[in-house]
Amino acid sequence: AQKVTQAQTEISVVEKEDVTLDCVYETRDTTYYLFWYKQPPSGELVFLIRRNSFDEQNEISGRYSWNFQKSTSSFNFTITASQVVDSAVYFCALSEAYNTDKLIFGTGTRLQVFP
Amino acid sequence: NAGVTQTPKFQVLKTGQSMTLQCAQDMNHNSMYWYRQDPGMGLRLIYYSASEGTTDKGEVPNGYNVSRLNKREFSLRLESAAPSQTSVYFCASSELPTGSGNTIYFGEGSWLTVV
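Protein chains in written order, with the working numbering: chain L, 1 to 115; chain W, 1001 to 1115.
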């Protein structure tokens, strides 16, 4: 069965610390896609990244980086030198090629960055 | 850049009342979705419409109906609201179904309270 687990419910860090948000997924499909979304206190959901199952290259975008490891079914998200504006709930999500209309979300990790 | 627009943003209903959440997207997307977000449970799919003229049940469809009015609009109706339907509702759209790797873009959410 398909499932996304974000075991960290809440993380608190002080500004400028690095922080990693964990995401572990389960799927029987060989073709699938992984996503990260950010939900700031204002409530909207902001798309951050999409990764397909055939591309295990890590990706870096400014202070954000993502580590995709099929061997451990993980797609972790690291924020380097965190800032107060990074405070949000972050969701990891999975979609599968055979289950074409469903995006499965994890329960989210609330990140609080203190000045 | 309107993207996905949903109304109303906030609503308080009495148990047994009915209401319709409206959603429109201006990205010429084929697929549209309604999700609900509850504390500690991430986002769960209520209904989706893979293309104009089709609708299908998601994970938690009971108590809801939907209408894909045209390619742009996808409404969610609560016929007889119950306190268990107190939640944040998100409308979303994607160019093609998520199984093809398309990114889903979300509206800003509608906060619904049933008393």
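Quick caveat, the hints were computed from the structure, so don't treat them as lab data.
Small disclaimer: the values here were computed from a predicted structure and weren't measured.
Just so it is clear, CB atoms sit at the ideal spot from N, CA and C, and this is done for glycine as well.
Honestly, I wouldn't trust all of these hints.
[As the list claims (entries may be wrong)] Pairs of lysine-lysine, PhoX-like flavour, derived with a Cα cap of 20 angstroms:
#1 Lys1009(W) with Lys102(L)
#2 Lys1057(W) with Lys3(L)
#3 Lys38(L) with Lys16(L)
#4 Lys3(L) with Lys102(L)
#5 Lys70(L) with Lys3(L)
#6 Lys38(L) with Lys102(L)
[Said to hold, decoys possible] Just a few of them, taken from the derived set where beta-carbon distance is under 8 angstroms, the chain W residues facing chain L:
#7 Thr1007
#8 Pro1008
#9 Phe1010
#10 Val1012
#11 Leu1013
#12 Leu1045
#13 Gly1101
#14 Ile1104
#15 Tyr1105
#16 Glu1108
Status of the hints after comparison with the structure:
1. Lys1009(W) with Lys102(L): Not OK: Lys1009(W) and Lys102(L) at ~24 angstroms, beyond 20 angstroms, violated.
2. Lys1057(W) with Lys3(L): Holds, at about 19 angstroms.
3. Lys38(L) with Lys16(L): Roughly 19 angstroms separates the two Cα atoms, so the pair holds.
4. Lys3(L) with Lys102(L): holds, 12 angstroms
5. Lys70(L) with Lys3(L): holds, 15 angstroms
6. Lys38(L) with Lys102(L): holds, 19 angstroms
7. Thr1007: Interface hint status for Thr1007(W): violated (14 angstroms vs cutoff 8 angstroms).
8. Pro1008: violated, 14 angstroms
9. Phe1010: violated, 11 angstroms
10. Val1012: violated, 17 angstroms
11. Leu1013: violated, 19 angstroms
12. Leu1045: holds, 6 angstroms
13. Gly1101: holds, 5 angstroms
14. Ile1104: Where the cut-off is 8 angstroms and the nearest Cβ of chain L is about 6 angstroms from Ile1104(W), the hint holds.
15. Tyr1105: Because about 6 angstroms separates Tyr1105(W) from the closest Cβ in chain L, which is inside the 8 angstroms limit, the hint holds.
16. Glu1108: Because about 5 angstroms separates Glu1108(W) from the closest Cβ in chain L, which is inside the 8 angstroms limit, the hint holds.
When each numbered hint is compared with the structure, violations occur for hints 1, 7, 8, 9, 10 and 11.
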